[in-house]
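Asks: On the provided structure of chain G, position chain R as indicated by the hints.
So the sequence lines, in the order shown, correspond to chains G and R. Under UniProt numbering, the letters of the first sequence match residues 1 to 432, in that order. Under UniProt numbering, the letters of the second sequence match residues 1 to 432, in that order.
Simulated from the structure, these hints should not be mistaken for laboratory data. Some hints could be false.
[To be verified] The calculated lysine to aspartate or glutamate pairs, modelled on DMTMM-like cross-linking and capped at a C-alpha distance of 20 Å, are:
(1) G:232 - R:11
(2) G:232 - R:184
(3) G:109 - R:328
(4) R:123 - R:170
(5) G:232 - G:184
(6) R:226 - G:16
(7) R:272 - G:366
(8) G:372 - G:385
(9) R:204 - G:81
(10) G:372 - G:392
(11) G:421 - G:224
(12) R:50 - G:90
(13) R:50 - R:16
(14) G:226 - G:170
(15) R:226 - R:255
(16) R:387 - R:400
(17) G:109 - G:90
(18) G:272 - R:366
(19) G:50 - G:105
(20) R:232 - G:424
(21) G:421 - G:252
(22) G:109 - R:392
(23) G:226 - R:224
(24) G:50 - R:58
(25) R:226 - G:252
(26) G:109 - R:203
(27) G:226 - G:203
(28) R:372 - R:400
(29) G:116 - R:203
(30) G:272 - G:262
(31) G:109 - R:81
(32) G:116 - R:16
(33) R:232 - R:279
(34) G:116 - R:98
(35) G:109 - G:58
(36) R:232 - G:11
(37) R:123 - R:81
(38) R:226 - G:81
(39) G:226 - R:16
Protein chains: 2
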Amino acid sequence: MSAEIICVGTELLLGDILNTNAQFLAQQLANLGIPHYYQTVVGDNPARIKHAIQVALERTSTQDNSTQVLIFTGGLGPTPDDLTHETLADFFGVPLAEHQEIIEDITRKYAARGRKMSPSNRKQALLPQGAAVLPNPGGTAPGILWQPRSGVAILTFPGVPSEMQQMWQETAVPYLKTLGYGREIIYSQTLKFWGIAEAALAEKAAAFLNLPNPTVAPYASQGEVKLRVSVKATSPETAQQIIAPVARQLQEIGDLNYFGSDEETLASAVGKLLTAAGETLSVAESCTGGGLGQMLTDIPGSSRYFWGGVISYDNAVKISVLGVNPDDLSQFGAVSAIVAEQMAAGVRSRLGTTWGLSITGIAGPDGGTASKPVGLVYIGLAGADGKVQSFENHFGTGRDRALIRHISACTALDLLRRLLKAREQRGEEGCS
Amino acid sequence: MSAEIICVGTELLLGDILNTNAQFLAQQLANLGIPHYYQTVVGDNPARIKHAIQVALERTSTQDNSTQVLIFTGGLGPTPDDLTHETLADFFGVPLAEHQEIIEDITRKYAARGRKMSPSNRKQALLPQGAAVLPNPGGTAPGILWQPRSGVAILTFPGVPSEMQQMWQETAVPYLKTLGYGREIIYSQTLKFWGIAEAALAEKAAAFLNLPNPTVAPYASQGEVKLRVSVKATSPETAQQIIAPVARQLQEIGDLNYFGSDEETLASAVGKLLTAAGETLSVAESCTGGGLGQMLTDIPGSSRYFWGGVISYDNAVKISVLGVNPDDLSQFGAVSAIVAEQMAAGVRSRLGTTWGLSITGIAGPDGGTASKPVGLVYIGLAGADGKVQSFENHFGTGRDRALIRHISACTALDLLRRLLKAREQRGEEGCS
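Isolated chain G (complex conformation) (with noise of 0.2 Å):
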């Protein structure tokens, strides 16, 4: 079996959009080990489509003759030009027919938003006949799973990234492993670390990144640097056991810029310290405007510690809200040490938190000076111990205002969970 990717959409042709779908699917098809040595953008135009398909099928027929699995994004909404299903069903010389069930479940999710199906829906309930109904959970464009003839499935899928995702995971992983495919699978485990710039890390693991099982790979992006961990391997038991020692050498070697794996986030690593400690923390932004009480409540479960926070975002804020001196404001400025210690322990006092975590910078493009530059930025924090710190951050440098707050926001929570994970060390140290 070979699949092929093939993406509908003049939006991809005009370069309006990302191909996110393409690699998101070939990533896919890595794990499940089924090969895929091309794929194929085309806009909505149902003789093009029809070209890209017989392309396919041909590439297969001089691959060999197992199956070949077209997976189709794209072109499957209710406007005139989504033609995926159509053509396709025009290509192999059937027939489309109408599923009730499918307008039904339209119907229902438009009623659930207060609103009343529209006539042009009804054309999303038009399948080639044969073809197997893959539900949308998240959405009204449902897909196909269908073998218009013998050696050849299609599967299509929306192109709306997150519901071509939720499908992929709940229709088509399952159908593929009931082919055969996913036995040995590609199994990884992503090490995360925060503070240390990507060739430092792989230089320190190089000698890593040449192992042939398993393979290191290390990726940067945003501030982040990752080092993927990963192994082919029939089980996840098998994969963990040649997984776990390798990471475990990974992390010692990253040290405390190590924050976590997978799908764990600087928000989560600081969520599970304070969780463990009994702790809560509350924020004071400014330049971030709300990107880092957003990080944190991004965390299902995060009410736990985090109780919320002041944006501050105008001085008179600062000043009510806050408690932060006025004439410490006019002297040193909102972005100084000293506002950024004042905005912290004003907030944790304010709202009687274990910890207040503050953010006061300059995200550009304008409001920069030659003292104080667009990417200056101050991170106070108050703690428990009624210690008040504060850091200073030069985040400027060739970056945009979207990425001086994102990275500003990510720097405060590290700070504090660097300071969470030295002192639990300590104490771990202490009790053993």
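Replies: Structure of chain R alone, referenced to chain G:
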């Protein structure tokens, strides 16, 4: 002329990297007015690369008899799996020729970094005989510009996005302009809507969706619906003349659902309306945890109208900082109309702004009940006239925590935007 993009690289088939090169080239081709109907991704395998070339050349001849441009990215590096130039030479039956000037260029670049050229880099100086060198200012891998036969032009670029983009701008664009492209380029305006489903808007705008010039295409993601109006024209002025009347009619169709064009966001639209009215805003966030504040402060200069807010994730903060009535909290629960109203009124009065906007809801995945399911979100709005309103929303069906939070923040912004917009329209009518 038409173009096909062929991206070479096994890492794309494994999903290790996102194909940003395809998006960049697609945008560039669209802007130059060069039609482009297919993209192909293929691994580092000579037989399959040849098949991709074969298919692309056959596609052309089925389209028209004019020149076909094949644009390759990737496979130009020094390692044995980098095979693009070799395979192209082989496909068109010409030998490789060594370019002394490339070897000198690579030697110079290594020397500048205090390194010696590796023997494997010599491979990068071997290009198909007859091909012109596309210099790579940023790296060691040059590309080619080659007409191996009449009606076929080949451009190759390295896979590293920064190098590819620089080479494209410096060498490919001037070349394509000498061929007469770029005289007419594609201009577009994207109209953005909130509060109407894609299908419903497409039905209202049905008459426009089949226009030949300009073309109008609908898109939707995460609650936002867009109509892109595109036209091929020789100057921005001509384009604007064609786009403007259509855009105006589509705005009228969208009515209050239309919130802006192109780079406009709900937050920037709210910002403009507040600025025009000389008014200010504060927010009180529960389930969004700072996301609404973050959206507002994404906009540079938002401090003119956005003063800040309170993240009242814990009920104690709702009571102590926002002044929510504890009895109402226990009787009606934190997710209720009355609490949303008291949060909005509380933050408005606490921060002294014209408007107070609040969000309280159940973002899930846990915490839902039969009477208060995941996705139940109340939005509160307190205004200058002392009037406090609340709005009940059901965002749950099939949506995850992140999407519920995103749509909650957008909907809150949209409620205020509609109110301000409607008031502005009434004001204008009153003055005329």
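Asks: Please go over all the hints and tell whether each is borne out by the structure.
Replies: A quick look at each hint next to the structure:
1. With a C-alpha separation of about 17 Å, the suggested pairing of residue 232 of chain G with residue 11 of chain R holds against the 20 Å cut-off.
2. Distance hint between residue 232 of chain G and residue 184 of chain R is unfulfilled; the C-alpha atoms sit about 52 Å from each other, more than 20 Å.
3. Proximity of residue 109 of chain G to residue 328 of chain R is assessed by CA-CA distance (about 32 Å); at most 20 Å being required, the pair is judged violated.
4. Pair hint residue 123 of chain R plus residue 170 of chain R does not hold up; C-alpha atoms about 24 Å apart against a cutoff of 20 Å.
5. At most 20 Å may separate the alpha-carbon atoms for a hinted pair to count; residue 232 of chain G and residue 184 of chain G meet this at roughly 6 Å.
6. As the CA atoms of residue 226 of chain R and residue 16 of chain G are separated by approximately 12 Å, the hinted pair is consistent with the 20 Å bound.
7. Simply put, residue 272 of chain R and residue 366 of chain G have alpha-carbon atoms about 18 Å apart, close enough for the 20 Å limit, and the pair holds.
8. Annotation: proposed proximity of residue 372 of chain G to residue 385 of chain G is violated, straight-line Cα distance about 31 Å (limit 20 Å).
9. Taking the CA atoms of residue 204 of chain R and residue 81 of chain G, the gap is about 16 Å. The hint holds against a cut of 20 Å.
10. Pair hint residue 372 of chain G plus residue 392 of chain G holds up; C-alpha atoms about 11 Å apart against a cutoff of 20 Å.
11. Restraint check for residue 421 of chain G and residue 224 of chain G: satisfied, since their Cα atoms lie roughly 18 Å apart, inside the 20 Å limit.
12. Taking the CA atoms of residue 50 of chain R and residue 90 of chain G, the gap is about 30 Å. The hint is violated against a cut of 20 Å.
13. In summary, the hint linking residue 50 of chain R to residue 16 of chain R is not supported, as the alpha carbons are separated by about 23 Å, beyond the 20 Å threshold.
14. With a CA separation close to 28 Å, the supplied pair residue 226 of chain G and residue 170 of chain G exceeds the 20 Å bound.
15. About 14 Å separates the Cα atoms of residue 226 of chain R and residue 255 of chain R, which keeps this hinted pair within 20 Å; it holds.
16. Pair hint residue 387 of chain R plus residue 400 of chain R does not hold up; C-alpha atoms about 33 Å apart against a cutoff of 20 Å.
17. A C-alpha spacing of about 29 Å is found between residue 109 of chain G and residue 90 of chain G, which places the hinted pair above 20 Å, so the restraint is violated.
18. With a C-alpha separation of about 18 Å, the suggested pair residue 272 of chain G and residue 366 of chain R falls inside the 20 Å cut-off, and the hint holds.
19. This hinted pair does not check out: residue 50 of chain G and residue 105 of chain G have alpha carbons roughly 29 Å apart, beyond 20 Å.
20. Distance hint between residue 232 of chain R and residue 424 of chain G is unfulfilled; the C-alpha atoms sit about 63 Å from each other, more than 20 Å.
21. Taken as a hint, the residue 421 of chain G and residue 252 of chain G pair is honoured in the structure, with Cα atoms around 14 Å apart against an allowance of 20 Å.
22. Taking the CA atoms of residue 109 of chain G and residue 392 of chain R, the gap is near 17 Å; set against the 20 Å cutoff, the hint holds.
23. Distance restraint check for residue 226 of chain G and residue 224 of chain R: the Cα-Cα separation of roughly 33 Å exceeds the 20 Å cut-off, and the hinted pair is therefore not satisfied.
24. Among the hinted pairs, residue 50 of chain G with residue 58 of chain R is consistent with the structure: their alpha-carbon atoms are about 14 Å apart, no more than 20 Å.
25. Restraint check: the Cα-Cα separation between residue 226 of chain R and residue 252 of chain G comes to about 49 Å, which exceeds 20 Å; the hinted pair is violated.
26. Using a Cα cut-off of 20 Å, the hinted pair residue 109 of chain G and residue 203 of chain R holds, with the two alpha carbons roughly 19 Å apart.
27. Restraint check for residue 226 of chain G and residue 203 of chain G: satisfied, since their Cα atoms lie roughly 14 Å apart, inside the 20 Å limit.
28. Between residue 372 of chain R and residue 400 of chain R the CA atoms are separated by roughly 16 Å; this keeps the pair inside 20 Å, and the hint holds.
29. A C-alpha spacing of about 13 Å is found between residue 116 of chain G and residue 203 of chain R, which places the hinted pair at or below 20 Å, so the restraint holds.
30. Only pairs whose Cα atoms come within 20 Å are accepted, and residue 272 of chain G paired with residue 262 of chain G is accepted, the gap being roughly 15 Å.
31. Proposed proximity of residue 109 of chain G and residue 81 of chain R is contradicted: the alpha carbons are some 50 Å apart, above 20 Å.
32. Between the alpha carbons of residue 116 of chain G and residue 16 of chain R the distance comes to roughly 42 Å, so the proposed pair goes past 20 Å and is violated.
33. In summary, the hint linking residue 232 of chain R to residue 279 of chain R is not supported, as the alpha carbons are separated by about 41 Å, beyond the 20 Å threshold.
34. Of the supplied pair hints, the one linking residue 116 of chain G and residue 98 of chain R is violated, its CA atoms being roughly 67 Å apart against a limit of 20 Å.
35. Taking the CA atoms of residue 109 of chain G and residue 58 of chain G, the gap is about 40 Å. The hint is violated against a cut of 20 Å.
36. Our distance criterion of 20 Å between C-alpha atoms is met by residue 232 of chain R and residue 11 of chain G, whose separation comes to about 16 Å.
37. Distance check on the hinted pair: residue 123 of chain R and residue 81 of chain R sit about 11 Å apart at the alpha-carbon level, within 20 Å; holds.
38. Only pairs whose Cα atoms come within 20 Å are accepted, and residue 226 of chain R paired with residue 81 of chain G is accepted, the gap being roughly 15 Å.
39. The straight-line distance between the Cα atoms of residue 226 of chain G and residue 16 of chain R is roughly 13 Å, inside the 20 Å bound, and the hint therefore holds.
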